[in-house]
Amino acid sequence: MIRADRILIVATALLVVALVVWGMTLGEYPASANVFPAIAAGGVVVFGVLALREPPPQEGTPLTLTAVLWLLAVLPLIYLLGFRIALPLYGLVYALARQTKPLPALALAIGIAAVVEILFVRVLGLHFDWGWLVAPLVR
Amino acid sequence: MKPISALIAAAFLAGSSLTAAAADESAADYYKNETIHLIVGTGPGGGFDQYARLLAPELGKVTGATVVVENRPGGGGITAINQVASAEADGLSVMLINGVPAALGQITDAPAVRFKLQDLPFLGRVAAEPWVLLASKESGYTSLKDMVAAGKDGKTLSFSGLGRVDGPTDTAAVVCESLQLKCNLVVGFKGSSEASLAAIRGDVTGMAVTDRSARDYSQDGSLVPIAVIGHKHSKLLPDVPTIFEAVDVPQDGAFWIDFRASIVDIGRALITTPGTPDDRIEYLRGAFEKVLSDPELVKTAEDRGLPIDYASGADVQATVDKIFGNLPEDKLSEIRNVLLSKYF
Amino acid sequence: MWDALLSAGSQTLQPGVVWAVVCALPVGLLFGLLPGLSGLTAMAVLIPFVYGMDGFAGLAFLLTAHAVVSTGGSVTAILLGIPGSPPNAATVVDGVPLRNAGFGGTAVGAALTASAVGGVFGALVLLVLLPVLRPVILMFGPPETFLLSLMGLTFLAAVGAGSPAKGLFAGAFGIFISFIGYEPVSGVPRYWFDYDYLLDGLRLIPLALGLFAIPELVALASGGSLEQSKGDLPGKQLFDGCKAVFSRMGLVLRSSAIGSIIGIIPGVGGETAPFVAYAAARQSDKNPERYGTGIIEGVIAPEASNNAKEGGALVPTLVFGVPGSSGMALLLGAFLVLGLQPGPNFLRDHLDIGLGLVLILAVVNVLAAGLMLALTPLLARVVNVPPRLLVPFLLTLALLGAYSTENNMQDVLFTFVFGAVGLACVRFGFNRAALLLGFVLGPAVERYLEIALNIYGPAFIVRPICLILIALMVIALAAPKLTARLRRRPA
Numbered sequence: 004m005i006r007a008d009r010i011l012i013v014a015t016a017l018l019v020v021a022l023v024v025w026g027m028t029l030g031e032y033p034a035s036a037n038v039f040p041a042i043a044a045g046g047v048v049v050f051g052v053l054a055l056r057e058p059p060p061q062e063g064t065p066l067t068l069t070a071v072l073w074l075l076a077v078l079p080l081i082y083l084l085g086f087r088i089a090l091p092l093y094g095l096v097y098a099l100a101r102q103t104k105p106l107p108a109l110a111l112a113i114g115i116a117a118v119v120e121i122l123f124v125r126v127l128g129l130h131f132d133w134g135w136l137v138a139p140l141v142r
Numbered sequence: 036m037k038p039i040s041a042l043i044a045a046a047f048l049a050g051s052s053l054t055a056a057a058a059d060e061s062a063a064d065y066y067k068n069e070t071i072h073l074i075v076g077t078g079p080g081g082g083f084d085q086y087a088r089l090l091a092p093e094l095g096k097v098t099g100a101t102v103v104v105e106n107r108p109g110g111g112g113i114t115a116i117n118q119v120a121s122a123e124a125d126g127l128s129v130m131l132i133n134g135v136p137a138a139l140g141q142i143t144d145a146p147a148v149r150f151k152l153q154d155l156p157f158l159g160r161v162a163a164e165p166w167v168l169l170a171s172k173e174s175g176y177t178s179l180k181d182m183v184a185a186g187k188d189g190k191t192l193s194f195s196g197l198g199r200v201d202g203p204t205d206t207a208a209v210v211c212e213s214l215q216l217k218c219n220l221v222v223g224f225k226g227s228s229e230a231s232l233a234a235i236r237g238d239v240t241g242m243a244v245t246d247r248s249a250r251d252y253s254q255d256g257s258l259v260p261i262a263v264i265g266h267k268h269s270k271l272l273p274d275v276p277t278i279f280e281a282v283d284v285p286q287d288g289a290f291w292i293d294f295r296a297s298i299v300d301i302g303r304a305l306i307t308t309p310g311t312p313d314d315r316i317e318y319l320r321g322a323f324e325k326v327l328s329d330p331e332l333v334k335t336a337e338d339r340g341l342p343i344d345y346a347s348g349a350d351v352q353a354t355v356d357k358i359f360g361n362l363p364e365d366k367l368s369e370i371r372n373v374l375l376s377k378y379f
Numbered sequence: 204m205w206d207a208l209l210s211a212g213s214q215t216l217q218p219g220v221v222w223a224v225v226c227a228l229p230v231g232l233l234f235g236l237l238p239g240l241s242g243l244t245a246m247a248v249l250i251p252f253v254y255g256m257d258g259f260a261g262l263a264f265l266l267t268a269h270a271v272v273s274t275g276g277s278v279t280a281i282l283l284g285i286p287g288s289p290p291n292a293a294t295v296v297d298g299v300p301l302r303n304a305g306f307g308g309t310a311v312g313a314a315l316t317a318s319a320v321g322g323v324f325g326a327l328v329l330l331v332l333l334p335v336l337r338p339v340i341l342m343f344g345p346p347e348t349f350l351l352s353l354m355g356l357t358f359l360a361a362v363g364a365g366s367p368a369k370g371l372f373a374g375a376f377g378i379f380i381s382f383i384g385y386e387p388v389s390g391v392p393r394y395w396f397d398y399d400y401l402l403d404g405l406r407l408i409p410l411a412l413g414l415f416a417i418p419e420l421v422a423l424a425s426g427g428s429l430e431q432s433k434g435d436l437p438g439k440q441l442f443d444g445c446k447a448v449f450s451r452m453g454l455v456l457r458s459s460a461i462g463s464i465i466g467i468i469p470g471v472g473g474e475t476a477p478f479v480a481y482a483a484a485r486q487s488d489k490n491p492e493r494y495g496t497g498i499i500e501g502v503i504a505p506e507a508s509n510n511a512k513e514g515g516a517l518v519p520t521l522v523f524g525v526p527g528s529s530g531m532a533l534l535l536g537a538f539l540v541l542g543l544q545p546g547p548n549f550l551r552d553h554l555d556i557g558l559g560l561v562l563i564l565a566v567v568n569v570l571a572a573g574l575m576l577a578l579t580p581l582l583a584r585v586v587n588v589p590p591r592l593l594v595p596f597l598l599t600l601a602l603l604g605a606y607s608t609e610n611n612m613q614d615v616l617f618t619f620v621f622g623a624v625g626l627a628c629v630r631f632g633f634n635r636a637a638l639l640l641g642f643v644l645g646p647a648v649e650r651y652l653e654i655a656l657n658i659y660g661p662a663f664i665v666r667p668i669c670l671i672l673i674a675l676m677v678i679a680l681a682a683p684k685l686t687a688r689l690r691r692r693p694a
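Same order as they appear, the protein sequences are chains P, A and X. Note that the numbering used here has the first sequence beginning at 4, numbered continuously upward. Note that the numbering used here has the second sequence beginning at 36, numbered continuously upward. Note that the numbering used here has the third sequence beginning at 204, numbered continuously upward.
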């Protein structure tokens, strides 16, 4: 069985070296712009080799794929609906999906909306695009 | 019913040879209740941001539109110009650009530039600061004449800067080229303030900055302003001679100074998206003229350390056309050589 | 001098100034507590309010908001494992294990007390050095800045827990990705693949949020929980934390001094101060292997230096009108708005204002720590909030924090990209703090080496301060081995 951490180290080292080689050849960077990336890449390779010999890491807190997917889901939601709708909605759905009673879930959504509207829109004056689905309606 | 009556009204107006006024009218109507995005290519807090936040409410008053300031930092302001240049041509994206890096970026074919300044509709100029050459006290030079004399003796002069075409460095390069000095430009400093520290320390012979910074840096004499790089004196430093007064600029050297000065003339300018209907462009030009010639606003701006030096959109457009209109290819490559490689 | 000090004191006690401080303090702390919002944002938000304020009050207002951000950020770092602002990342390393072991209150108490002491120390350094500052700063040119940054890199292996090889691997990777974007001297954009966002390189705030916030959120969403302190009352723990600081004054002073020095030198970057202080504490400790497992020193060192650096960063701003950090650049803008011109003559003409700012700095650091200590029992309840409510809320803050720095959706995207890196680091035991330190220091090393070579040629290393710095570096690298050998001999 090949250890996942070793695959990661080797892949990172290869990627970094590939970038440096690319910069020296096809990228046509001047020599001075290649020196430091090459040194850093050398560091990645050398310490990567040393790190390969380290014992495998201990299993810490479990990280599940479902959790990662749940977090990632917020991205398409923001693109479709814009921050101001997506974030409270996400809070609501997330809480409801995890057996929260409707009332606290709603309170969470309202709380998030309040933070977005008061702190980020009013105080910080941020400009949020409406998402792809909502923009035509707002115009 | 409504659109039809509007059509009839429009036809009537068109028929009655009031087209110009009608166009103006309709542009004014168009902007009422719309949202204009006043974009700056820097983060909050800097000079451009402060100018924009000063102008936004005034522009709102004049046009009846909601004006919001939007910060889009990145690429030294170039990225935001790209975005405005390719935005929807509805006249609702207006940007306050930094003329020097935009024009020089275009001339030197900087990697990220995807606009042509001569294609952008200019709406006006808010301010333009002349550039001033400073000499470090440690260098021992107190006038440009001394520097030129030293240069003739084969001395290498050095000037500090940030990037190659964002102001300090290219000004120094142009001076070196026009006066045929031997120069080494030390670039890479993180900000103009850090570059000025290098000059104060005496690591370099001097540096070039805007007249405002020149006044600040020179107050205790650790940096000495020796020449304005252009034809006109600076209002802030009236005693500093222009480069033409300070030394004899060789005949073909004058081209470089004029070239640089005309780029300075673009200044902090307002642009919008190419393809915007002409009546809206004219309307915005008028609106900015009204805002920027209001004595009260000019006074408030001065008090905040933001001097106003208004020029009309048409004037800035003419300046830009002059710069890019008659540059033959060989001159262009000469400029690129001077700005990008000759003195490094 | 004494007259000026007296007049500064009376100026500080004017009602306008007191109000300014009272208003700005909670704002700064709030921006510190919220991940992604930094002192820079706090100042940018507050600048419009400065117009129309009395000169000194306006300055006090901005300085207060900026100076206390890292005080607030330390609490988030310990309780949630998410640095409130990037410099608080070093506090996560030992703060989180402490919290997990049930000593969250102690860690917060120690962090806050260390912040206060560090802040006061920084202000005192500023006060003492005020008359001789100019030559001190002029002594540190590009060559010295280069060597200082390089020295910071020698600490890579010592930041945080785990195997040195993996730490250095992460650090080297951090250095490498810091080279994406415009090369400082030639201006060539590297590894940007015609993607405009990358021209300016990867950004610090999405990186810090991605590395620390996303893994923490994934852990929470996976069914983990923020472990709560058990046993002692929070009040008792906070008090223990305070005591821990005062029984380690040597460490506090050393860390504060590191913060001050890094703050004074423009160019090294204040973000590095807490990491360097952490690493220095670890290297000089008898049992360096305890660091990263949750010891109180690992919280005290970074937080003391974090607040001390603010005093340092004020120096170049006041003395040369040259801001030492982007936050100070905004402060400089405020000086101009208020009709004051910082620079060489500033201290001669306005010594009372300079001293007044020193006083403000000292006072607000203590006030901020006090306020946070009072609020901590309340804030600590956040760990009792069920994760199913906490996750979406924290995600909101993190994403908007990333978005707010540049109004850029791509920062949000990259928060997730770095989140993947952070997850890999957590899962496979790579050191996130080292990655972040490498990322911050990489560009400084490159930039100042090139400038130094351009100005002085290779001979720059024989400049006196450079020689001293090199000697210090050698000692720092050799010290752990030497002490180990010395200790073995008597046995």
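One thing to keep in mind: the hints can contain errors.
Said to hold, decoys possible - Footprint (simulated), chain P over chain X, 3 or more residues, beta carbon under 8 Å: (1) 412 to 422; (2) 456 to 469; (3) 483 to 496; (4) 570 to 581; (5) 599 to 613; (6) 624 to 630.
Said to hold, decoys possible - Derived lysine to aspartate or glutamate pairs resembling DMTMM-like cross-links, with alpha carbons at most 20 Å apart: (7) A:Lys187 with A:Asp287; (8) A:Lys377 with A:Asp144; (9) A:Lys67 with A:Asp314; (10) A:Lys187 with A:Asp201; (11) A:Lys151 with X:Asp397; (12) A:Lys151 with X:Asp399; (13) A:Lys357 with A:Asp314; (14) A:Lys267 with A:Asp246; (15) A:Lys334 with X:Asp257; (16) A:Lys225 with X:Asp403; (17) A:Lys366 with A:Asp287; (18) A:Lys267 with A:Asp344.
Derived by calculation from the structure, the hints in this document are not laboratory data. No residue lacks a Cβ here, since even glycine has one placed at the ideal position from N, Cα and C.
We went through each hint and held it up to the structure:
For the segment 412 to 422 of chain X, the assignment as covered by chain P holds, since 5 residues bring a beta-carbon within under 8 Å of that chain's beta-carbons and 3 suffice. Check result for the segment 456 to 469 of chain X against chain P: violated, 0 residues qualifying (beta carbon to beta carbon below 8 Å, three or more required). With a cut-off of 8 Å between beta carbons, the segment 483 to 496 of chain X has 0 residues touching chain P; three or more are needed, and the interface restraint is violated. Here the segment 570 to 581 of chain X counts 0 residues with a CB under 8 Å from a CB of chain P, which misses the bar of 3, and the coverage is violated.
Against chain P, the segment 599 to 613 of chain X contributes 8 residues with a C-beta closer than 8 Å to a partner C-beta. That satisfies the three-residue criterion, and the hint holds. Figure legend: the segment 624 to 630 of chain X, annotated as covered by chain P; annotation consistent (4 residues with Cβ-Cβ distances under 8 Å, at least 3 required). Annotation: proposed proximity of Lys187 (chain A) to Asp287 (chain A) holds, straight-line Cα distance about 18 Å (limit 20 Å). For the given pair, Lys377 (chain A) sits about 16 Å from Asp144 (chain A) by alpha-carbon distance, which is consistent with the 20 Å threshold.
A distance of roughly 15 Å separates the Cα atoms of Lys67 (chain A) and Asp314 (chain A); the hinted pair therefore holds under the 20 Å criterion. For the suggested pair Lys187 (chain A) and Asp201 (chain A), the alpha carbons sit about 28 Å apart, so the restraint of at most 20 Å is broken. With a C-alpha separation of about 18 Å, the suggested pair Lys151 (chain A) and Asp397 (chain X) falls inside the 20 Å cut-off, and the hint holds. Between the alpha carbons of Lys151 (chain A) and Asp399 (chain X) the distance comes to roughly 17 Å, so the proposed pair stays at or under 20 Å and holds.
For the proposed pair Lys357 (chain A) and Asp314 (chain A), the alpha carbon gap of about 24 Å is over 20 Å, so the pair is violated. Our distance criterion of 20 Å between C-alpha atoms is met by Lys267 (chain A) and Asp246 (chain A), whose separation comes to about 12 Å. Restraint check for Lys334 (chain A) and Asp257 (chain X): the C-alpha separation of about 19 Å stays at or below 20 Å, so the hint holds. Under the criterion of a C-alpha separation no larger than 20 Å, the hint pairing Lys225 (chain A) with Asp403 (chain X) is consistent with the structure, at around 13 Å.
Distance check on the hinted pair: Lys366 (chain A) and Asp287 (chain A) sit about 12 Å apart at the alpha-carbon level, within 20 Å; holds. For the hint linking Lys267 (chain A) to Asp344 (chain A), the alpha-carbon distance of about 14 Å falls within 20 Å, and the restraint holds.
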